[in-house]
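*Asks:* Which chain is which? The protein sequence lines are V and W, in order. Take the first sequence: its position 230, counting from 1, is numbered 230 in the numbering used here, and each next residue is one higher. Here the numbering used here runs 262 ahead of the position in the second sequence, where the first position is 1.
Hints listed in this document are in silico derivations from the structure and should not be mistaken for laboratory results. From a predicted model like this one, the values you see are computed outputs, not experimental measurements. Cβ coordinates follow ideal geometry from the N, Cα and C atoms, glycine included. Any given hint might turn out to be false.
[As the list claims (entries may be wrong)] Facing chain V, according to a computed beta carbon distance under 8 angstroms, are these residues of chain W, among others:
#, residue
1, Tyr357
2, Glu372
3, Val398
[Claimed, not checked] Derived CB-CB ranges, DEER-like:
#, chain 1, residue 1, chain 2, residue 2, range
4, V, Val155, W, Gly411, 50 to 56 angstroms
5, V, Phe262, W, Gly499, 55 to 61 angstroms
6, V, Glu152, W, Arg381, 27 to 33 angstroms
7, V, Leu163, W, Ala285, 51 to 57 angstroms
8, V, Leu178, W, His465, 53 to 59 angstroms
9, V, Val177, W, His465, 43 to 49 angstroms
10, W, His341, V, Phe262, 21 to 27 angstroms
Chain by chain, the residues run as shown.
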Amino acid sequence: MTAAKVLRYELQDLRRSRWLLGYVLLLLGLTDALLRFGGGGQRAVLSLMNVVLVFVPLVSIVFGTMYLYGARDFIELLLAQPVGRGSLFAGLYGGLAAPLAVGFLLGVGLPFLWGGQGDGSLAGPLIMLLAAGVLLTLAFTALAFLASLLFEDRVKGLGAAILAWLAATVLYDAVIVLVGMSFSDYPLELPMIGLTLLNPVDLGRVLLLLQFDTAALMGYTGAVFERFFGTVLGVGVATGALALWCVGPLVLARGRFRGKDF
Amino acid sequence: MTGPALVAAPAALALPRMVVTAAGLTKRFGRLEVLRGVDFAVRTGRVTAILGPNGAGKSTVIKTLLGLVRPDGGSIALHGAEIGDDPAYRARIGYMPQQARFPENLTGREVVHLLRDLRDDTVPEDDDLFEAFGLVRELDKPVRTLSGGTRQKLNAAVAFMFRPSLLILDEPTAGLDPIASGVLKARILRARAEGASVLLSSHVLSELEELVDDVIFLLEGRVEFQGSLRRLKETTGETRLERAIARLMQRGTR
């Protein structure tokens, strides 16, 4: 299995990466601090949610893009071996996404374990937080592949990656507010749901907000989502859409990788 | 001697002994026409140099042969079989890229292990170059701590490791000190003596002269000259490769 061999070497490489270690330590520190001083479990999870939604996509796409540009020459050497492009791509993606996802799980999960949030009321939100973080990691790693394959120039590729992240976090919220204000006289539920589906970060937010009773207070799209779908269906739709955000860019990147001239 | 040898002999006579044949290769990158109908053949058991100024299409030809670049038109064949999507043919190729950049947190030994892992064949490996370059001591250090020259030695050693029947060396002596360069040249000649074919590209013409049997000279995406080194010198009336190439370039631009 070529993919497994490539994956194993990449894990070996990334396991020793200082950047990845820094990412895990930062998440550990942040989560632990929020749990200790953030005032109660649920509020800590809510604060943590905002960190996860902004920080995890940023690290995944920027670290991923930089790693791939750095590995470019070695990928060429691998392509010159008797190895199929499809399996090489699978190994490279797995080898990059897996350490990022595991790093996230450790960084956010461990403080909850040793912090002893034992009353069980937080289990649901925590599991959703971890799931959303992993899905966002997978999606933005796939976007990192896409960026590094679309642009030969690493500065342009990194720029595109950061722009994608900005669009999903900051610019998107601005558009939502703008749309909400401009068309406040019209029924906006369906367009808003449509807009939500277009943004993986917002999907992650909706998923998490649906775990709390306060969903309606926590943002426009979350409230609309709950009213339209109800909690259970809402979670299903949002998870499905987020999964599509992982698969879509990945399929595009794979096609690009297979047809590309290196 | 029985059957097989007798049967094989006429076939070998009938087929020209070519390891690589390319016919009508074309490739454009955007508006840039890099290859404009390239035909060439690389003879088995010889050292062939692809020469040409920057942008002439040397790397593109090499990358096409490796399957890194897909040509827009034309065909290229290794050992008589056209190169397609099946990657298996690359098991017979040893490739030394122009500059080696290995994953920085891995050790040389881990890189070697990976490349070995990716091939299923059981050919006993050739570790000669690791010893000749004095690489053995360096293999357990992370690649990022190795000097550029050491990395280039590793790069070369890896290309020869699997006893390939075709060696593709892109600017092989760039970045090597004179001693290492001498070791590599000796190794290239030994590979040829053992029946391997070598295709190399280089700018450093004088350094190559002693190695090269055949020359393919590319200019602006076309083959301007192809043949033995002796014939190149005869047709240009020059005794040194460097001067002969200069003469070809003058002729091409006129």
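*Asks:* Confirm or reject each hint.
*Replies:* We went through each hint and held it up to the structure:
{"no.": "1", "hint": "Tyr357", "verdict": "holds (4 angstroms)"}
{"no.": "2", "hint": "Glu372", "verdict": "holds (6 angstroms)"}
{"no.": "3", "hint": "Val398", "verdict": "violated (21 angstroms)"}
{"no.": "4", "hint": "V/Val155 / W/Gly411: 50 to 56 angstroms", "verdict": "violated (29 angstroms)"}
{"no.": "5", "hint": "V/Phe262 / W/Gly499: 55 to 61 angstroms", "verdict": "violated (40 angstroms)"}
{"no.": "6", "hint": "V/Glu152 / W/Arg381: 27 to 33 angstroms", "verdict": "holds (29 angstroms)"}
{"no.": "7", "hint": "V/Leu163 / W/Ala285: 51 to 57 angstroms", "verdict": "violated (44 angstroms)"}
{"no.": "8", "hint": "V/Leu178 / W/His465: 53 to 59 angstroms", "verdict": "holds (57 angstroms)"}
{"no.": "9", "hint": "V/Val177 / W/His465: 43 to 49 angstroms", "verdict": "violated (58 angstroms)"}
{"no.": "10", "hint": "W/His341 / V/Phe262: 21 to 27 angstroms", "verdict": "holds (23 angstroms)"}
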